[in-house]
Amino acid sequence: MVDKIPELPEGLEIPKDIQKKLSQIKAKVEKFKKEVLKKFEEYVVGIELLPPEKLTPEEEQELTQKEREERKDWINVLVLIDDSDSKKMSKLELKDKLTNIIEDSAKNIDENIKPNTLIISELKEMCFDGKYEILGLIGMGTILYDKGMLGALKTAEIHKEMTIKKFEKYVLSYIAIGSLFRGDANPGDIDVSIVIDDTDVKKMPRVELKERLRAIIQDMGFSASKASGVKANFHVQTHILTDFWDSVKEAQPVIYTFLRDGVPLFDKGVFMPWKLLLHMGKLKPSPEAIDMNMDLGERLLERTKSKLLGMVGEDLYYAALNPAQAAIMLYGLPPTTPRETVKVMEEIFVKKEKLLEKKYVDILAKLFKYYKDVEHGRVREISGKEVDSLLKDLEDYMKRIRKLFTQIEKKSQGESVLHNYDSCIAISRDALFINGVREISIKKLESSFKENLVDKGLIPEKFLRILKLIVKSKKDYTSKKLSKQEIEKVNKEAILFIKTMVEFIQRKRGVELERAKIRFKYGEKYGEVLLLDDKAFITNDLEKREEVSKAKIKNGSLIDIEKSSLEELEEQLKKVKIPENVFIKEKIFEDLRKLYGRDVEVLVSY
Numbered sequence: 120m121v122d123k124i125p126e127l128p129e130g131l132e133i134p135k136d137i138q139k140k141l142s143q144i145k146a147k148v149e150k151f152k153k154e155v156l157k158k159f160e161e162y163v164v165g166i167e168l169l170p171p172e173k174l175t176p177e178e179e180q181e182l183t184q185k186e187r188e189e190r191k192d193w194i195n196v197l198v199l200i201d202d203s204d205s206k207k208m209s210k211l212e213l214k215d216k217l218t219n220i221i222e223d224s225a226k227n228i229d230e231n232i233k234p235n236t237l238i239i240s241e242l243k244e245m246c247f248d249g250k251y252e253i254l255g256l257i258g259m260g261t262i263l264y265d266k267g268m269l270g271a272l273k274t275a276e277i278h279k280e281m282t283i284k285k286f287e288k289y290v291l292s293y294i295a296i297g298s299l300f301r302g303d304a305n306p307g308d309i310d311v312s313i314v315i316d317d318t319d320v321k322k323m324p325r326v327e328l329k330e331r332l333r334a335i336i337q338d339m340g341f342s343a344s345k346a347s348g349v350k351a352n353f354h355v356q357t358h359i360l361t362d363f364w365d366s367v368k369e370a371q372p373v374i375y376t377f378l379r380d381g382v383p384l385f386d387k388g389v390f391m392p393w394k395l396l397l398h399m400g401k402l403k404p405s406p407e408a409i410d411m412n413m414d415l416g417e418r419l420l421e422r423t424k425s426k427l428l429g430m431v432g433e434d435l436y437y438a439a440l441n442p443a444q445a446a447i448m449l450y451g452l453p454p455t456t457p458r459e460t461v462k463v464m465e466e467i468f469v470k471k472e473k474l475l476e477k478k479y480v481d482i483l484a485k486l487f488k489y490y491k492d493v494e495h496g497r498v499r500e501i502s503g504k505e506v507d508s509l510l511k512d513l514e515d516y517m518k519r520i521r522k523l524f525t526q527i528e529k530k531s532q533g534e535s536v537l538h539n540y541d542s543c544i545a546i547s548r549d550a551l552f553i554n555g556v557r558e559i560s561i562k563k564l565e566s567s568f569k570e571n572l573v574d575k576g577l578i579p580e581k582f583l584r585i586l587k588l589i590v591k592s593k594k595d596y597t598s599k600k601l602s603k604q605e606i607e608k609v610n611k612e613a614i615l616f617i618k619t620m621v622e623f624i625q626r627k628r629g630v631e632l633e634r635a636k637i638r639f640k641y642g643e644k645y646g647e648v649l650l651l652d653d654k655a656f657i658t659n660d661l662e663k664r665e666e667v668s669k670a671k672i673k674n675g676s677l678i679d680i681e682k683s684s685l686e687e688l689e690e691q692l693k694k695v696k697i698p699e700n701v702f703i704k705e706k707i708f709e710d711l712r713k714l715y716g717r718d719v720e721v722l723v724s725y
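In our numbering, the protein residues as written are 120 to 725.
Note that these hints are calculated values from the structure, not bench results. Predicted, not measured: the structure shown is a model, and the values here were computed from it. Note that CB positions come from ideal geometry on N, CA and C, so glycine has one too. A few of these clues could be false.
Stated by the list, open to error - Straight-line distance between alpha carbons at most 30 Å, and here's what the computed DSS-like set of lysine-lysine pairs gives:
hint: 1; residue 1: 145; residue 2: 284
hint: 2; residue 1: 522; residue 2: 563
hint: 3; residue 1: 704; residue 2: 636
hint: 4; residue 1: 191; residue 2: 153
hint: 5; residue 1: 663; residue 2: 284
hint: 6; residue 1: 387; residue 2: 173
hint: 7; residue 1: 285; residue 2: 529
hint: 8; residue 1: 216; residue 2: 250
hint: 9; residue 1: 587; residue 2: 529
hint: 10; residue 1: 504; residue 2: 522
To be verified - Cβ pair distances, simulated, as ranges:
hint: 11; residue 1: 708; residue 2: 286; range: 13 to 21 Å
hint: 12; residue 1: 661; residue 2: 453; range: 58 to 66 Å
hint: 13; residue 1: 244; residue 2: 476; range: 45 to 53 Å
hint: 14; residue 1: 318; residue 2: 398; range: 21 to 29 Å
hint: 15; residue 1: 456; residue 2: 342; range: 52 to 60 Å
hint: 16; residue 1: 640; residue 2: 590; range: 24 to 32 Å
hint: 17; residue 1: 453; residue 2: 624; range: 23 to 31 Å
Working from the sequences, and respecting the hints, build out all of it.
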């Protein structure tokens, strides 16, 4: 919360006329702020003094001289309202009611105070529609009162402009994630994601490109926090486009959450199409797709009651099939074909998991047979009694499948605790291993994590607490002491832990990668040799990176040199451990002279 108009933060330049205006209107604005908070503090997320709105030349020309003069004295104030819990009235009714009262309060203080009352859902829709002008004004304004959201938006807007200016055409999307667009946004954390186009980058492996981008963009995040004057932890996730596509294709939960909950602060048409596809249920498996299939079954059930043979044969069957496929997807398997669904339902839920009685699978099998009989003309008419019998079976089936959903969710939540425990233990060991700790037992994992990563300042202490929570959660889950809410919290913390550890390992590996490189010059070209255990990869031209060769290392020499590719190099980087100590023998220099001529030069610290 800001109790008065703050001093301008160092590094943030605001026009001199606005600075002068601030001192002149201070008392009026403070009075207006107090009036608004007195009446609507539970709804108000933030209040900000905005710079004058820029008009287009056409709009400017339509104003009279008097109107131009009047606009110079306007005091533009944004009042941001939380409408997330609006139940007594619609969001528009809430906005209209508050707008009228707030405008009256402004007029009573000064006719020149022009409040712009904006609800959070309206601000989100503006971002979804690509109308980012208000974000620019928030980035330049002065915060008078804030629960966290305005400061986060201000910092993100400054960082966004810095990123776009630095990388220009390569920035495809800049997305707000986490709690930023909630009324209860945590003022201590700002989370954003950036999608960078890497499709025409050929000068370095994608792993190296991603790490370099992440470091630069994160550093700009610190600068943006300083410029905005907002004390917060600025978290930036950098996605390169090819990785982003792969993540969507592989249905990674983090990316699906990113698409579902993210709000674009800038988008060139990459993020919003995927987001719309997700909400349409076209990206499977996803919670939206599962809900869509279940809802489809229920709608078709009601529709079938009024149909005769032509529709009954098809609709009754699909009313049963779609929820069955939804249950299979919720279990974690890809959608099955209609013919496979009956078999999979029986094998998984009846025999393996023992969650479902066989009679409900028999109902699905009966409807499948009926559907095929109608399709092939073996059934030409149906009696009302038969329709009633089928409808009753289907109604019982639907109720049972809904219960099955709850059973699957309960089971999968518990399994997620165990899965996240295994993942966190494994990646903790990887982080310790890459930092030189070779033998790590489960009993000593926490103490080793503290001694080798936290105490050395490599990993914040927060993640030691998360690791302890995850270890404890497994014990609590085994003894059935974990509630649903606690499971959700543990899973959320585990995702953050895994993401942070992966970034740490990537940074560490990037440093190791530099130690294993020999760069050389021949003529006007620059090349590179990367030493990986008993293999070496040779890049003939670092500018193009199109010609890559590989060789075996034997007795310090390069032998059996053959053509390779950048893709094969990237695969090897994922598999092979980079040597801790790289010894370069004279024979390698001789091999380089044979390959590139006697005038080849080896570059040091290049």
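Do the hints match the structure? See the list:
Between the alpha carbons of residue 145 and residue 284 the distance comes to roughly 34 Å, so the proposed pair goes past 30 Å and is violated. For a cut-off of 30 Å, the pair hint linking residue 522 to residue 563 is broken: about 42 Å separates their Cα positions. With a C-alpha separation of about 13 Å, the suggested pairing of residue 704 with residue 636 holds against the 30 Å cut-off. The suggested pairing of residue 191 with residue 153 holds, with an alpha-carbon distance near 24 Å, which does not exceed 30 Å.
For the hint pairing residue 663 with residue 284, the CA-to-CA distance comes to about 25 Å; that is within 30 Å, so the pair holds. Taking the CA atoms of residue 387 and residue 173, the gap is near 23 Å; set against the 30 Å cutoff, the hint holds. At roughly 47 Å between alpha-carbon atoms, residue 285 and residue 529 are farther apart than 30 Å, so this suggested pair is violated. The suggested pairing of residue 216 with residue 250 holds, with an alpha-carbon distance near 24 Å, which does not exceed 30 Å.
Proximity of residue 587 to residue 529 is assessed by CA-CA distance (about 24 Å); at most 30 Å being required, the pair is judged to hold. Note on residue 504 and residue 522: the hinted pairing holds, with a Cα-Cα distance of about 28 Å set against a maximum of 30 Å. Taken as a hint, the range 13 to 21 Å is violated for the pair residue 708 and residue 286, whose Cβ atoms sit roughly 38 Å apart. At roughly 42 Å, the beta carbons of residue 661 and residue 453 sit outside the given window of 58 to 66 Å.
Range check, residue 244 to residue 476: Cβ separation about 46 Å, and the 45 to 53 Å hint holds. As the Cβ distance of residue 318 to residue 398 is approximately 26 Å, the hint placing it in 21 to 29 Å holds. Remark: the range hint 52 to 60 Å for residue 456 to residue 342 is upheld by a beta-carbon distance near 54 Å. Here the CB-CB span from residue 640 to residue 590 is close to 52 Å, at odds with the stated 24 to 32 Å.
Checking the proposed 23 to 31 Å range against residue 453 and residue 624 shows it holds: the Cβ atoms sit about 30 Å from each other.
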